[in-house]
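Number of protein chains: 2
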Amino acid sequence: MDSSNPNQKRWIDEHHNGTRYGLEGQIIVTEKSAYQEITIFESKKHGRGLLLDGCWMATENHEKYYHECLVHPALCSSQSLKKVLIIGGGDGGSARECLLHQEIEHLDLVEIDQRVIELSQKYLTGIGGKAWRDRRLHINIKDGTRWVAEADNSFYDVIIVDGSDPKGPAEGLFDKKFFQNCHRILSPGGVFATQSESPEAFQRIHIETVKILRDVFEYADPLYGWVPIYPSGIWSWTFAAKDNARYLQPITTRGKKIEEDCEIWSLSWQKAAFNAIPAFVERELNK
Amino acid sequence: MDSSNPNQKRWIDEHHNGTRYGLEGQIIVTEKSAYQEITIFESKKHGRGLLLDGCWMATENHEKYYHECLVHPALCSSQSLKKVLIIGGGDGGSARECLLHQEIEHLDLVEIDQRVIELSQKYLTGIGGKAWRDRRLHINIKDGTRWVAEADNSFYDVIIVDGSDPKGPAEGLFDKKFFQNCHRILSPGGVFATQSESPEAFQRIHIETVKILRDVFEYADPLYGWVPIYPSGIWSWTFAAKDNARYLQPITTRGKKIEEDCEIWSLSWQKAAFNAIPAFVERELNK
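Read top to bottom, the protein sequences are chains A and B. In case it helps, my numbering puts the first sequence at residues 39 to 325. In case it helps, my numbering puts the second sequence at residues 39 to 325.
Looking at chain A on its own, in the form it has when it is part of the complex (with noise of 0.2 angstroms):
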């Protein structure tokens, strides 16, 4: 990112390979926490948005394409839905649309950056807005990796991984030792879900991401969709399970309850879009 001058009408671009993506308008506040460079930005096409270390995260006006994907065809086909963890997702989105489903009793959120959670809170109310008052949540400030290593087994009904890319603090969220222990904490007829990054601009990582957790779980499938602020425009998120590949059949009750409050998702949405993998994939995931 090029963010030389706070303050200052301008682009900032997240640059990848030979590609930029840039929203036009005005940084509010830039720091270096321990973990990361946050930045909050005011767009003028998007609302405002949360970049970190250079990367987009998240917009206001975009950010359903994203929280929608990751959380609800998991939410919508777990057995029970009584306990959910969140790793990562310090903006506030994921946590917005699980609550959305008035059968959790108990969210853990486990955010290893405090200042994420604390300038989301404070700048982006668009995103996690009266999420945060939620009696339900619980946020922990605490790195991913060791939340899942102690957790008890079975305990989660639901997991999701809301993470940003596989270098600096996420890292670790992307080793199979990590999805081995998402697994012994996920009940039997539970879901988990991750952000597997761009089938185009991060390939690599993301056919290992999905052949790693179809070693380690007994089902896992991806699913494609857009991010228009990310590197292609192309994103995955990729779902796992134990009994059987639930997340292919959401349940239709569950489902009619947030319809209407989605702009992506949807429960013919979903059935679809497992299906619709593009051709190159499917000959990656096959290899």
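Read the hints as simulated data drawn from the structure, not as lab findings. Fair warning: there could be bad hints in the mix.
Said to hold, decoys possible - If you anchor each label on the Cβ, the simulated ranges turn out as follows:
no.: 1; chain 1: B; residue 1: Phe193; chain 2: A; residue 2: Asn99; range: 22 to 32 angstroms
no.: 2; chain 1: B; residue 1: Ser192; chain 2: A; residue 2: Lys214; range: 54 to 64 angstroms
no.: 3; chain 1: A; residue 1: Lys214; chain 2: B; residue 2: Gln117; range: 21 to 31 angstroms
no.: 4; chain 1: A; residue 1: Leu138; chain 2: B; residue 2: Glu69; range: 52 to 62 angstroms
no.: 5; chain 1: A; residue 1: Lys295; chain 2: B; residue 2: Ser192; range: 45 to 55 angstroms
no.: 6; chain 1: A; residue 1: Gln241; chain 2: B; residue 2: Asp181; range: 18 to 28 angstroms
no.: 7; chain 1: A; residue 1: Asn324; chain 2: B; residue 2: Arg174; range: 39 to 49 angstroms
Stated by the list, open to error - Some chain A residues near chain B, calculated using beta-carbon distances under 8 angstroms:
no.: 8; residue: Gly60
no.: 9; residue: Gln64
no.: 10; residue: Ile66
no.: 11; residue: Val254
no.: 12; residue: Ser270
no.: 13; residue: Ala283
no.: 14; residue: Cys300
Unchecked claim - Which chain B residues stay away from chain A? Per the calculated CB distances, all over 12 angstroms, these:
no.: 15; residue: Lys82
no.: 16; residue: Lys102
no.: 17; residue: Ile155
no.: 18; residue: Glu156
no.: 19; residue: Arg171
no.: 20; residue: Asp181
no.: 21; residue: Ser225
Every residue gets a Cβ at the ideal spot worked out from N, C-alpha and C, and that includes glycine.
Since chain A is already given, all that's left is putting chain B on it; use the hints.
Only chain B this time, still in chain A's reference frame:
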């Protein structure tokens, strides 16, 4: 586009409403034709690319994300496949995808701007390739709206509209009158296809285009995919037919012959993608 210094290593960005998408590289040639500014760019990441009036049209390494999704859903579902029409498509990518189908006997390419074809033939050999030498291809330098006004009833088995945004030379390719002529010259078991913009970056145009096509044709449905170099990265193509929504069910034997040449399109992708409609689009279309 910001293109004041040709022949220099640099970034070229397409700007769109507070967002921009750029590639790093070098301008090879930029000229004003009778219709538009044409730029050929050597990018570091995606091979050579074409811009018209500062908007990305295609790059050698990425154009299949667009051309396959425009062409094959139509060509794999039309009853007959002898006579095919492309309006626009001066870079040669749609013609190349069409000519994979050996059933085609006669392919008319109707491009308004001869310079787009000439520069593409000279510099973008990775896009048109050997299609330009195929004896089934007939190049016609003419306004597409005139061509469809003058063609015979039920003449074409497939009509493909491969134009740019509805401003400048492509403006008439979004008019009801144009679509009515396309309907008239399409055979009863034929399929019509058009690029129909981004449901995010050009939402109003997209929704209106689908609605006009549903008014003019007996059946019409949009399909959503990814074009990383276009505004928002989400792109759409809309298909229409007279006798039934035949584009929803591609012909397996025909599709099998081209599947191994495709990067995005596959029989299973086509069947699923027509049902993977983002919730906000579904609501807008039903208004």
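Tested hints:
A hinted range of 22 to 32 angstroms for the beta carbons of Phe193(B) and Asn99(A) is inconsistent with their spacing of about 45 angstroms. Restraint check, Ser192(B) to Lys214(A): a C-beta distance of roughly 60 angstroms satisfies the suggested window 54 to 64 angstroms. For Lys214(A) and Gln117(B), the hinted distance range of 21 to 31 angstroms is not satisfied, since their beta carbons lie about 51 angstroms from each other. At roughly 54 angstroms, the beta-carbon separation of Leu138(A) and Glu69(B) lies within the given 52 to 62 angstroms, and the hint holds.
Judged by the Cβ atoms, the range 45 to 55 angstroms given for Lys295(A) and Ser192(B) holds: they are separated by roughly 49 angstroms. Our hint of 18 to 28 angstroms for Gln241(A) and Asp181(B) is violated, since their Cβ atoms are close to 41 angstroms apart. A C-beta distance of roughly 34 angstroms is found between Asn324(A) and Arg174(B), which places it outside the suggested range of 39 to 49 angstroms. The beta carbon of Gly60(A) comes within 5 angstroms of a beta carbon in chain B, closer than 8 angstroms, and the hint placing it at the interface holds.
A least Cβ separation of about 12 angstroms between Gln64(A) and chain B goes past the 8 angstroms threshold, and the interface hint is therefore violated. A cut of 8 angstroms between beta carbons decides the hint on Ile66(A): the least distance to chain B is about 16 angstroms, and the hint is violated. Annotation: interface hint on Val254(A) violated; nearest CB of chain B at approximately 26 angstroms, more than 8 angstroms. Because the beta carbon of Ser270(A) sits about 4 angstroms from the nearest beta carbon in chain B, less than 8 angstroms, this interface hint is met.
The interface hint given for Ala283(A) is broken, as the beta carbon of that residue sits about 15 angstroms from the closest beta carbon of chain B, more than 8 angstroms. Against a cut-off of 8 angstroms between C-beta atoms, the interface hint on Cys300(A) holds, since the closest Cβ of chain B lies about 5 angstroms away. For Lys82(B), the condition that its CB be more than 12 angstroms from all CB atoms of chain A is violated, with the nearest at approximately 4 angstroms. The claim that Lys102(B) is not at the interface with chain A is violated, since a C-beta of that chain comes within 12 angstroms of its own (minimum 9 angstroms).
No beta-carbon of chain A is positioned within 12 angstroms of the beta-carbon of Ile155(B); the least distance is around 27 angstroms. Annotated as non-interface, Glu156(B) keeps its C-beta farther than 12 angstroms from every C-beta of chain A; the closest such distance is 27 angstroms. Distance check on Arg171(B): its Cβ is at least 26 angstroms (rounded) from any Cβ of chain A, clearing the 12 angstroms threshold; non-interface status holds. Listed as outside the interface, Asp181(B) is consistent with that label: its C-beta sits roughly 32 angstroms from the nearest C-beta of chain A, beyond the 12 angstroms cut-off.
The claim that Ser225(B) lies off the interface holds: its Cβ sits roughly 29 angstroms from the closest Cβ of chain A, which is beyond the 12 angstroms cut-off.
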